[in-house]
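Visitor: Using the UniProt record's numbering, read the sequence shown as starting at 1 and increasing by one per residue.
Wrong hints could be hidden among the right ones.
As the list claims (entries may be wrong) - In the DSSO-like style, the derived pairs of lysine-lysine whose C-alpha atoms are separated by at most 30 Å in a straight line are: (1) Lys123 <-> Lys63; (2) Lys222 <-> Lys63; (3) Lys222 <-> Lys123; (4) Lys144 <-> Lys158.
Read the hints as simulated data drawn from the structure, not as lab findings.
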Amino acid sequence: MENCGVEGREGRSSDVNAVNANANRFPLSFWEVTVACSVVLGFLAGLLGVYLTMPASDYSFLKLPRTLEDLQILRDHLENYTSDYTAQVLVGYCVVYIFMQTFMIPGTVFMSLLAGALFGVFKGVALVVFTATAGASSCYFLSKVIGRPLVFTLWPDKLVFFQEQVARRRQRLLNYMLFLRLTPTLPNTFINVASPIVDVPYHIFFLATVIGLIPAAYVTVKAGIALGELRSVGDLYDFNSVAALFLIGVVSITPTLMSKSKS
Numbered sequence: 001m002e003n004c005g006v007e008g009r010e011g012r013s014s015d016v017n018a019v020n021a022n023a024n025r026f027p028l029s030f031w032e033v034t035v036a037c038s039v040v041l042g043f044l045a046g047l048l049g050v051y052l053t054m055p056a057s058d059y060s061f062l063k064l065p066r067t068l069e070d071l072q073i074l075r076d077h078l079e080n081y082t083s084d085y086t087a088q089v090l091v092g093y094c095v096v097y098i099f100m101q102t103f104m105i106p107g108t109v110f111m112s113l114l115a116g117a118l119f120g121v122f123k124g125v126a127l128v129v130f131t132a133t134a135g136a137s138s139c140y141f142l143s144k145v146i147g148r149p150l151v152f153t154l155w156p157d158k159l160v161f162f163q164e165q166v167a168r169r170r171q172r173l174l175n176y177m178l179f180l181r182l183t184p185t186l187p188n189t190f191i192n193v194a195s196p197i198v199d200v201p202y203h204i205f206f207l208a209t210v211i212g213l214i215p216a217a218y219v220t221v222k223a224g225i226a227l228g229e230l231r232s233v234g235d236l237y238d239f240n241s242v243a244a245l246f247l248i249g250v251v252s253i254t255p256t257l258m259s260k261s262k263s
C-alpha cells in the first residue's frame with residue numbers, strides 16, 4: 001500500500017512537472033502575436049462591413065450588454081431593424097458572439113437572451129448553438145497557437161486535473177466531454193482553451209460542444225422571449241433547470257462509469 005501511495009504521488013508530481021515545463025513557452029513569440037492580431041482585425045473588419053451596410057441612424061445604443069437593462073434597450077432598438085435588415089443583424093450578431101467566445105469576453109449569456117427576444121425559440125436556439133460552437137472552435141484553434149501561456153498562468157491546477165481526467169477516459173472521451181458541457185463541473189471558457197493543450201481531438205470537442213450546448217441554449221433562449229419578466233441572470237437557472245442539466249450530464253457519462261466498473 002505504501003508503494004502505491006508513493007507511485008501515486010510520483011505520478012501527480014510528474015504531471016505537475018510536465019505542465020510547468022510546458023509553461024516555458026511564455027512570452028508569446030512574434031508569430032503567435034501576429035496570428036492573434038490577425039484574428040482580431042478579421043473580426044473588426046466584419047463588424048465594420050455590417051455597420052457600413054446599415055442605414056444612417058443613431059447607433060449610440062450599440063454596446064455589449066452587461067445588465068438586463070442594457071439588454072432590454074438593445075432589444076427594443078434592434079427589433080426595428082431585424083425585419084428590414086435581417087441579414088445584417090444576423091451577421092452582426094454572429095460576428096460579435098463568435099468574437100466574444102474566441103477571446104473569452106464575458107457576457108455571452110446576454111447574447112443568448114437577445115437571440116430569443118429577436119428570433120424566437122427555434123431560430124434562437126439554432127443561432128446560439130451555431131455561434132457558440134463556432135466561437136468555441138475558433139478559441140480551440142487559437143489556443144493551439146497562443147493558449148499555453150494563458151492556461152498555465154490562469155488555471156494550472158484545473159489543467160492538471162483536466163489532463164488526468166482526459167487521460168483516464170480516453171476510450172470514452174466523447175461521453176466525458178458531453179458531461180462537462182452539460183454540467184458546470186469546469187467552466188466552458190476553460191474547456192475551450194485547455195482542450196487542445198491536453199490533446200482532446202477536435203472532432204470529439206466539436207461533437208460534445210454541438211450536442212452539449214443545446215439544453216442550456218434552450219433554457220436561455222426561451223427566457224429571452226419573456227425578457228421583461230427577468231429580474232436577474234440568476235433567474236435563468238432555477239432548481240429544476242439545473243437538476244435537469246445534471247441528470248442529462250450523468251446519463252451521458254454513465255457508459256464511461258460502467259466500462260470502468262467492468263474492467
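Visitor: Does each hint fit the structure? Answer for all of them.
Guide: Right, here's what the structure says about each hint:
1. Simply put, Lys123 and Lys63 have alpha-carbon atoms about 23 Å apart, close enough for the 30 Å limit, and the pair holds.
2. Between the alpha carbons of Lys222 and Lys63 the distance comes to roughly 23 Å, so the proposed pair stays at or under 30 Å and holds.
3. Distance hint between Lys222 and Lys123 is fulfilled; the C-alpha atoms sit about 11 Å from each other, no more than 30 Å.
4. Only pairs whose Cα atoms come within 30 Å are accepted, and Lys144 paired with Lys158 is accepted, the gap being roughly 18 Å.
The structure shown violates none of the earlier numbered hints.
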